[in-house]
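A.B. asks: Sequence:
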Amino acid sequence: MQSRIKFSILIPVIALLIFTSCSKTNKEGRNIPADAVFVMHLNGESLNSKLPWEELKQNILFQEAYGDSTNTALIRSIMDNPENSGIDVKNDLLVFYVKDTTGSYIAAQGSIKDEAKFKAFNNNINKTAPVASEKDGIRFLSSENMTASWNKEKFVIVSDITGKTDFKNTYEPDTFSINTPDVKRDLNALAAQIFNLKEDKSLGKDEKFTELIKTKADMHFWLNIEAMGVGNTDMPGMAALSMINFKKILEGSRLAATVNFENGKISADFISYSGKEMTELVKKYSGDKINNDMVKRLPTGNLAALIALNFKPEGIREYLKLLGMDGFVNMGSAFLGFNLDDFVKANKGDILLAVTDVKEDSIGRPDASILFSTTIGDKAAFGKLIDAGKKFGKDKLNGENGPQIAFNTNDNYFAIGNKKQDVDKFFTTNQTSIPAFLDKISGSSSVVYINFQYILKAMSADAKRDSLEKIIYDASLNMWDNFLANSNGFKNGGSAQHIEVNLLDKNTNSLKKLNSYLGTLAMVKKKQDERNKISFMNENTDDAASIAPESY
Numbered sequence: 067m068q069s070r071i072k073f074s075i076l077i078p079v080i081a082l083l084i085f086t087s088c089s090k091t092n093k094e095g096r097n098i099p100a101d102a103v104f105v106m107h108l109n110g111e112s113l114n115s116k117l118p119w120e121e122l123k124q125n126i127l128f129q130e131a132y133g134d135s136t137n138t139a140l141i142r143s144i145m146d147n148p149e150n151s152g153i154d155v156k157n158d159l160l161v162f163y164v165k166d167t168t169g170s171y172i173a174a175q176g177s178i179k180d181e182a183k184f185k186a187f188n189n190n191i192n193k194t195a196p197v198a199s200e201k202d203g204i205r206f207l208s209s210e211n212m213t214a215s216w217n218k219e220k221f222v223i224v225s226d227i228t229g230k231t232d233f234k235n236t237y238e239p240d241t242f243s244i245n246t247p248d249v250k251r252d253l254n255a256l257a258a259q260i261f262n263l264k265e266d267k268s269l270g271k272d273e274k275f276t277e278l279i280k281t282k283a284d285m286h287f288w289l290n291i292e293a294m295g296v297g298n299t300d301m302p303g304m305a306a307l308s309m310i311n312f313k314k315i316l317e318g319s320r321l322a323a324t325v326n327f328e329n330g331k332i333s334a335d336f337i338s339y340s341g342k343e344m345t346e347l348v349k350k351y352s353g354d355k356i357n358n359d360m361v362k363r364l365p366t367g368n369l370a371a372l373i374a375l376n377f378k379p380e381g382i383r384e385y386l387k388l389l390g391m392d393g394f395v396n397m398g399s400a401f402l403g404f405n406l407d408d409f410v411k412a413n414k415g416d417i418l419l420a421v422t423d424v425k426e427d428s429i430g431r432p433d434a435s436i437l438f439s440t441t442i443g444d445k446a447a448f449g450k451l452i453d454a455g456k457k458f459g460k461d462k463l464n465g466e467n468g469p470q471i472a473f474n475t476n477d478n479y480f481a482i483g484n485k486k487q488d489v490d491k492f493f494t495t496n497q498t499s500i501p502a503f504l505d506k507i508s509g510s511s512s513v514v515y516i517n518f519q520y521i522l523k524a525m526s527a528d529a530k531r532d533s534l535e536k537i538i539y540d541a542s543l544n545m546w547d548n549f550l551a552n553s554n555g556f557k558n559g560g561s562a563q564h565i566e567v568n569l570l571d572k573n574t575n576s577l578k579k580l581n582s583y584l585g586t587l588a589m590v591k592k593k594q595d596e597r598n599k600i601s602f603m604n605e606n607t608d609d610a611a612s613i614a615p616e617s618y
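Everything in the sequence shown is counted per the working numbering, starting at 67 for the first residue and increasing by one.
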């Protein structure tokens, strides 16, 4: 009997867990319009645990703000403890931006911890006394361009940004002026609309946004590129682009990103979504993995930066067709002696760009070896590209003091760079190993790497010429290790990318390190401003003293 009772209780629990894990909806986007251009979600609990408020208060930027004599007692108490604002800072905070027929607005929403404190906070931050009102259980404090609204559980603060701008009818080429009509938005009504937003009109039912939010992270970012109106040819200077089929490219275009502050690194993951046609194109023509043999051919181990990628050249042609630009590209390239098919046949699909041997020249200017290489598909077609390059860049290949750019080629590779000896060595060098970071991301079709430590150490002489710049240099040298970005295949219906900003200190949380680093930069900036002010005053005093008085 007892086992039956336990089993009957277990069934709905299991069902609830299954429903929750498979749910395509989310509570975080429930009060955000589905067409929001930008959304930022802050995980208050996680961020507060990684950078406690007491540590943030040690930052010089915070201390300067705290010492501002114009601060009221309430503002200072909030800076002592942010929960004195009435906001639950250890809960979620969402900020979003929306464009609509009236213009655009930005809004923030979160959880209320103390209604009385929240009301006092919003009364205090306005220069003019806001108008208080209440409707349908929602309280409002309204000023000219901002409304704070709340109920017992959550708040929504809305700020109007612009009125409606009619670029097409009011743009005047002769005066380069844009007429922005003064459209007054009812911010109380807008706030109430956000509170009462229907779920099917919100991001609460967007499956891609749900997938983003359920991914554990300190911060989530959402960008609706389609809603940005990038392809709006009514905007000034965009009419010439009306021939390009932006709709196919922007349809369904979204970017979802997570950011985590971990010990020793800041990591970010991105998923780029597209419409049906673009998604099929990306899936079909995405690359395989970068060519490690090209990396082994780099003539030196002093690697400052590297970009490497693999792609299917046929994808370029199909992408241009989707844009409706293939005909124009063929017309333009014909003047240089090749066409789009030649370009596709010429390339095998591997590209490498490397910056090595960074140093300072005899007068302190930065110098480095820059090399670009690609694999050759059809030699005859690639020969046309080389001939076009010679015609287009003949002044660089044949400068007064010798060639500024050198290139070389064999059956498999083409390489071009600013140091002839390095270009030539590319075809004879064959190191036995690849840089360690490539082992970490084996199988990626694209890689971007920057070695901050090597670059900073190579440029140390310049930093030592100024005592304040030396402080920044030392702080940077002790902070940054390297940057690494790579493709992560096709996931959840989109192209995935991963980014890591690695720090030198592997044992401390990166958010704490970032807080300390920014504090150092702020301190140096303050001292630089003070020094410049004294220098300016001294120069003016010297100039005044050098002017002889007029004789009458």
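Please note that the accuracy of each hint is not assured.
Computed Cβ-Cβ distance ranges for the label pairs, DEER-style [said to hold, decoys possible]: (1) 366 x 591: 32 to 40 Å; (2) 285 x 582: 16 to 24 Å; (3) 346 x 120: 46 to 54 Å; (4) 387 x 90: 31 to 39 Å; (5) 582 x 90: 17 to 25 Å; (6) 172 x 366: 43 to 51 Å; (7) 591 x 446: 14 to 22 Å; (8) 527 x 400: 44 to 52 Å; (9) 126 x 431: 29 to 37 Å; (10) 228 x 496: 57 to 65 Å; (11) 90 x 594: 31 to 39 Å.
DSS-like cross-link-like pairs, simulated, lysine-lysine; straight-line CA separation at most 25 Å [stated by the list, open to error]: (12) 93 x 123; (13) 282 x 485; (14) 313 x 342; (15) 185 x 156; (16) 183 x 165; (17) 123 x 411; (18) 116 x 485; (19) 349 x 591; (20) 450 x 123; (21) 506 x 450; (22) 93 x 220.
These are calculated hints, taken from the structure and not from any lab test. Remember, predicted model here, so these are calculated numbers, not experimental data. Backbone N, C-alpha and C fix where the C-beta goes; we use that ideal spot for every residue, glycine too.
A.B. asks: The structure should be examined with respect to each hint, and the outcome stated for every one.
C.D. replies: Right, here's what the structure says about each hint:
1. 366 x 591: 32 to 40 Å: holds (36 Å)
2. 285 x 582: 16 to 24 Å: The hint (16 to 24 Å, Cβ to Cβ) holds, given that residue 285 and residue 582 are roughly 19 Å apart.
3. 346 x 120: 46 to 54 Å: holds (52 Å)
4. 387 x 90: 31 to 39 Å: Distance hint for residue 387, residue 90 holds at roughly 34 Å.
5. 582 x 90: 17 to 25 Å: Violated - the Cβ-Cβ distance for residue 582 and residue 90, about 41 Å, lies outside 17 to 25 Å.
6. 172 x 366: 43 to 51 Å: At 49 Å between Cβs, range holds.
7. 591 x 446: 14 to 22 Å: Since residue 591 and residue 446 have Cβ atoms about 58 Å apart, the given range 14 to 22 Å is violated.
8. 527 x 400: 44 to 52 Å: Given a distance of about 50 Å, which is inside 44 to 52 Å, the answer is holds.
9. 126 x 431: 29 to 37 Å: Roughly 33 Å apart at Cβ, these two residues keep to the hinted range, so it holds.
10. 228 x 496: 57 to 65 Å: Cβ of residue 228 to Cβ of residue 496: about 59 Å, so the range 57 to 65 Å holds.
11. 90 x 594: 31 to 39 Å: violated (53 Å)
12. 93 x 123: violated (32 Å)
13. 282 x 485: Violated. Residue 282 to residue 485 sits at ~47 Å, over the 25 Å cutoff.
14. 313 x 342: holds (12 Å)
15. 185 x 156: At roughly 19 Å apart (the allowed maximum being 25 Å), residue 156 and residue 185 satisfy the hint.
16. 183 x 165: Outside the cut-off at roughly 31 Å; violated.
17. 123 x 411: The hint is violated at about 60 Å.
18. 116 x 485: Since the Cα atoms of residue 116 and residue 485 sit roughly 46 Å apart, the hinted pair is violated (cutoff 25 Å).
19. 349 x 591: violated (48 Å)
20. 450 x 123: violated (63 Å)
21. 506 x 450: Distance ~38 Å between residue 506 and residue 450 Cα, so the pair is violated.
22. 93 x 220: holds (13 Å)
In terms of the numbered hints stated before, the structure departs from hints 5, 7, 11, 12, 13, 16, 17, 18, 19, 20 and 21, listed from lowest to highest.
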